[in-house]
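Undergrad: This is what each chain is made of:
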Amino acid sequence: MKRRLMYLTAMLLAFSAVGLTGCQQKDPEPGDIAGYDEGESYLSIWVHSIEDTEEGQAYKESVETFNEAYDGKYFADIEFVPRNDSGGGYSDKVNASVMAGGLPDVLTVDGPNISAYAANGIIQPLADLTEEEENEYLPSIIEQGTVNDELYALGVMESSVGLYYNKDILEEAGIEVPDADHPWTWSEFTDILEELKPLMDEKDGYPLDMTFPVGETSIYYFAPFVWSDGGELVSDDGLTVDGYFNSEQTADAMNYFRSIVENEYMSEAPIDHLFESGRAAFKFDGAWEVNTVYTSYPDINLGVAPYVVSDNWDGGTYTPTGSWAFAASSETEDIEGATELVKWMSGAESGIRIWEMAKSFPSTYEAFENIDVFQTDENYAALYDQLSTYGHPRPKTPVYPQVSTSFQEVLESVALGGKDTQAELDKAVDRIDQKLERYTRE
Amino acid sequence: MKRKNSIMGMAFFGPALVLLTLFLFLPMLLTFGFSFTDYFALNPELTHFVGLENYINIFKDELFVQSFLNTVKFVIIIVPLQCGGALLLALAINKCAHCKKYFKVAFFVPVVMSLAVVSTLWMQIYSPEGILNTLLANVGIDTQPFIHSADQALPSIAIMSVWQGVGYQMIIFLGGLQNINPALYEAAEMDHASGWQKFKDITLPELKPLCIFVFITVTIGAFRMLVQPMVMTGGGPDHSTYTIVYDIYETGTVNWEMGLASTMAIVFTIFVVILTIIQNTLTKDKEGRKHVHKKAKTN
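Those sequence lines, one after another, are chains B and C.
Numbering-wise (the numbering used here), the first sequence opens with residue 1 and increments by one.
Numbering-wise (the numbering used here), the second sequence opens with residue 1 and increments by one.
Hints may be right or wrong, so weigh each one.
[Claimed, not checked] Heads up, simulated BS3-like pairs for lysine-lysine below, C-alpha to C-alpha not over 25 Å straight-line:
| # | chain 1 | residue 1 | chain 2 | residue 2 |
| --- | --- | --- | --- | --- |
| 1 | B | Lys419 | C | Lys73 |
| 2 | B | Lys419 | C | Lys60 |
| 3 | C | Lys101 | B | Lys427 |
The set of hints was computed from the structure by calculation and includes no laboratory data.
Whole structure, please, built from the sequences with the hints as guidance.
TA: Following this line, the structure appears as structure tokens:
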């Protein structure tokens, strides 16, 4: 009897052990998967989207074309890892694999996280690209993927934020929009908002449709105000924030937002579809807004104005950029193959596909040149122009999540809460410094 | 026979034990272990033993203290409203002669819906041009910011949570009410007891064990508040709806500080356990006394 009990326990343990090892990295033999043949080297790739979405399908097609193009040499096997809005599900899986092993050869990384992944040895530098290959990409993509002068990641998508305006309202008010190289300065923009205020009151609206939402949006949309003022949020090596995050320039930008709220140029509590319903003259939003307005709000006469700059702007790069990118994991033994896959997944052909299927901006010049709307539609052309000329990546630091959260928190408490700017910024610096300790104590 | 029984028992119990060990006891032990280290999710190899440093640091952390206080505020608002509300609804439905089933289902539906869906729905209700503000405008009250102001966000979310959860406790109370022996009420009526007397001396004492159960589960549930603020406010404005569980999540998954997050989780667990023990002893004591009281009466 006792023996039977032991047998039972042993069986249960064995089952659970099988269950556990089931999570380990796949190491299939040729023939196990359709299309994986003898002599090919196997490359696994994780993407952060759901297979059934347009984005997922675009990645799938890119992998399929890769396997055709490199038939006999490489075989790429794609796995879809769904994520929630903030990237939760996907990063959980990456985190778990960092501990337990089982990272794929290539994985997607959100642009601002590249530094942290590189600093902690989760991804490794790509094999050398020729200068020609590098020049195919927009400068913002190369800069986003570079940490300490080494290229770690290449994205297939780029992104941009536009300052959209309602042409009819601006015409009614008699306001001229400047060209891309002479954007409105903060004080000019304030004058315009002031001028529009009575008109928008009449329309039961606000001159500006703007919010400071929790999450990545706030730093993505509004850090450009700091950059155009000549400030940076972190030092070049990404390891110092004191003197950057709490600099005069950051404070200037925060105070500017405060003045917009105080003068009631925007609604303190967000109102849905203010701009889309014709009750706001301006709106900051991602490039997807163009498509949204074209398809769902055809009555709005949409224009893209150059992103507003500080009065101290010196003509440098400052506009929002960045998106998910492909990188080679530190566990891959075939860095050449992984680099080929990264290049393919982010290349012009994949870029055109991601635009056609998911309406995300591509990342290479060639892709942009081969998509008609970027030549024919003035709004898309303006966004592309802004992105390729003035694109500035978000701060590169291993503690980026803390920097992003802090930026939103300070923005909210200063602009909406009316708290003391410098005190809030200093408090944020203390908090970020605590997180930086891990990287600076050696 | 006995031995055979024990093997059968083991066979039924074994799988559950293995799964519980793997997915509950082991993680609990690991969390306890991690809470004394600086375990960083992106770089587990660099983990050091740091002793009680985390425990000291989290109490110096303003944000953790604030999230703790926020959570307590949530509990203080939610527990009485949800327990009382559930009881009132159950009483009303029990009295209701028509459409009993309709009301039962209507009040229970929010419980079945996903919290994320309910939260999104209430974001619309609370929005500056949403239904609630429109209703208020009709009776001459100015537009309220609700979840967009640091003062109103927490109560707004608490009320929405009560609405969402109250149906579940209502069903429990309803079951309890239907289990009360009607003879008790008949006897009371013969003594010309008023409605309030019947409620106070029959309904409440009979529901006592259920009340304790509901009270404790609602309290624990309120302490675990996470999804509503996460979806509706992101913990803002100005951290006014940031809860402990939210802080644990942010620290552990977003900032990758697993060690620190483990410490927070341990402190949180200890706090809830202590509170539950206090609740339990307090309510038990009273029950004991009442029992004695009753006995004395019957004697």
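Undergrad: Each of the hints needs a verdict: does it hold here or not?
TA: So, going through the hints one by one against the coordinates:
1. B:Lys419 <-> C:Lys73: The given pair, whose Cα atoms are some 23 Å apart, holds under the 25 Å limit.
2. B:Lys419 <-> C:Lys60: This hinted pair holds, its Cα atoms lying about 22 Å apart.
3. C:Lys101 <-> B:Lys427: Measuring from Cα to Cα gives roughly 55 Å; hence the hint is violated.
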